[in-house]
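K.L.:
Here's the letter readout for the chains.
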Amino acid sequence: MIEVEGLTKRYGEKMAVNQLTFAVRPGIVTGFLGPNGAGKSTTMRMMLGLDRPTAGDVRIDGQHYDRLKDPLTYIGALLDAKAMHGGRSAFNHLLCLAQSNGIPRGRVHEVLDTVGLTAVAKKKAKGFSLGMGQRLGIAGALLGDPRILMFDEPVNGLDPEGIHWIRNLMKSLAAQGRTVFVSSHLMSEMALTADHLVVIGQGRLLADTSMADFIRENSRSYVRIRSPQRELLLDVLHRAGIVVVETGGGTLEVDGHRPEDIGELAAQHRIVLHELSPQQASLEEAFMQLTAESVEYHAHSGAPLGAAPPPLPGDRPGPPTPGPQVPGPQWGDDWKKG
Amino acid sequence: MAATQVLRSEWTKIRSVASTLWTLSLAAVVTVVLGVLISLLSKNEFDKMSAKDRLSFDPTYISFAGMSLGQLAMIVFGVLVVSNEYSTGMIRTSLSAVPQRGTFLFSKMAVATGLAFLVGLVTSFVAFFLGQAMLGSHKAAIGDPGVLRAVIGGGLYMTLIAVFSMGVATMLRSPMLSLGILMPFFFLISAILGNVSATKKIGQFLPDQAGSKIMQVVTPIDDDVPYGPWGGLGIMVLWVVVAVIGGYVLLKRRDA
Ligand SMILES: Nc1ncnc2c1ncn2[C@@H]1O[C@H](COP(=O)(O)OP(=O)(O)O)[C@@H](O)[C@H]1O
Ligand SMILES: [Mg+2]
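Chains A and B, in that order, give the protein sequences.
For the first sequence, the numbering used here begins at -6 and goes up steadily by one.
For the second sequence, the numbering used here begins at 515 and goes up steadily by one.
Please keep in mind that the hints were generated in silico from the structure rather than gathered at the bench.
Worth double-checking, as some hints may not be accurate.
Straight line, CA to CA, 20 angstroms or less: simulated SDA-like cross-link-like pairs of lysine to any residue [what the hints assert, rightly or not]: (1) A:K117 with B:W536; (2) B:K766 with A:V51; (3) A:K62 with B:T617.
Kindly produce the complete structure, drawing on both the sequences and the hints.
P.N.:
Right, dumping it as structure tokens:
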């Protein structure tokens, strides 16, 4: 169990982490999601006592990190796969970590085996590929057989095989009843591995929810329609009081109505449909919408009540929004860079 | 966290990187070889010396002449032991494993200091005996008054140079910055301050000049240094303590 309370970190003028409060519960994979620069790595560094919080507190199983006796046996972390001396062999790298926490030497061989590095145990880490370095870092995290594991963007830069291996590893660790806390800037990655989600944007907590609830609450479902009698259909839908969004290529989209209703309405007016399909906005879009709202809310603060809802980011134009467009930092800018 | 665990871990760290071997062996080889050459030259020069210079002739001190260069390798050793952690990013892994930063730093320094003392002491004895062998009839014996103190002092001097470098590197973190300050400081600035009469008084209190007094057996004729061999070493120890405390305070406060 990791408990974060009012955690805040300021670097000079920059608020990297702002009043975060959440808990990471045992036995599940908790995804820590946020665009690049949201403050995920900073939060994780504070969890390990590496960076000192400006305010707030982190407790691991009820204790401060530096109060843990042999911390590697409580919590294993992979923050940065390159955080090791390249001139040291994989074996010696793990051995010095093991010795510092009173972990027997035999365990080093075990974890090398687990991550598949036994054959290169005597080789210097600087000759390792990114994937091998990542595996060595993970071996270090597993060394103390800890109940809690923490990974910062573990699949970044890995090849498909490496990504697959890490996903399975995280799932099997959670299945053994361990607490797994993993960060990513990609919703799609979280959707595949996480049971619970903590979403942050610009250092603030945006959501702390189960994956299922997050999907239900945040994804927009709509109906996509194509028809050769487009003008007639628009007319009919309009008269029925149904709001239609025209997207490119002659496609129409309708929010908040079942495909059955629209199909029957079209049939009544003998309109030919080439497509009538229920759609679910992707999780990536839901995530972007959530974080975009936080940016918008931020930019709107002080604006009169009843200001326009934010436009939906992404390539697909959202529903027309009346009211002024507020300029300001767009969350998506950051995200696209990542 | 048991300190013995951390000491064992730091020993594994130090013995498993190449820089330990090459810096320490360079320090030993340079000190001995240069000491032998200068001893040989001094023997040949002796007959041409003035009476005053002959009275100040210190065969023990001459055999340690190579230390002025050999200490630079000791500085590199001390700097790399600490700043390797920062330049590789290992520091975050290390402090995750040992979050008590004092335990981490002092275990690391204890292991590196022990190793530096061992190498320094052996180097000092070898430099002395080989140097004396070159000096022929002008040589000193290990049993002469003050000689054993000077030879052991040579080992202490090399050790303290390494510890001072560790303290400075802990403060500065970057190996390039640490070496860029320490190398010119010991190789140029100290020598310049010590040789210009106006600054000589200040130069006497720099760590290397004060510390090297321990290796002197014969006091030069017109010597006006206000401290003896142990007083000089004490001044050097003060410098080292300040550097180590400075490093500890910064490490304790800083984000890793
Ligand atoms: N040591 C630091 N000094 C100054 N700014 C920092 C430091 N570390 C992180 N930041 C800033 O804090 C913000 C959050 O960074 P980070 O925690 O790395 O985000 P994430 O891991 O979510 O991408 C960024 O704007 C980053 O530039
Ligand atoms: Mg990050």
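K.L.:
Hint by hint, which ones does the structure fall short of?
P.N.:
none
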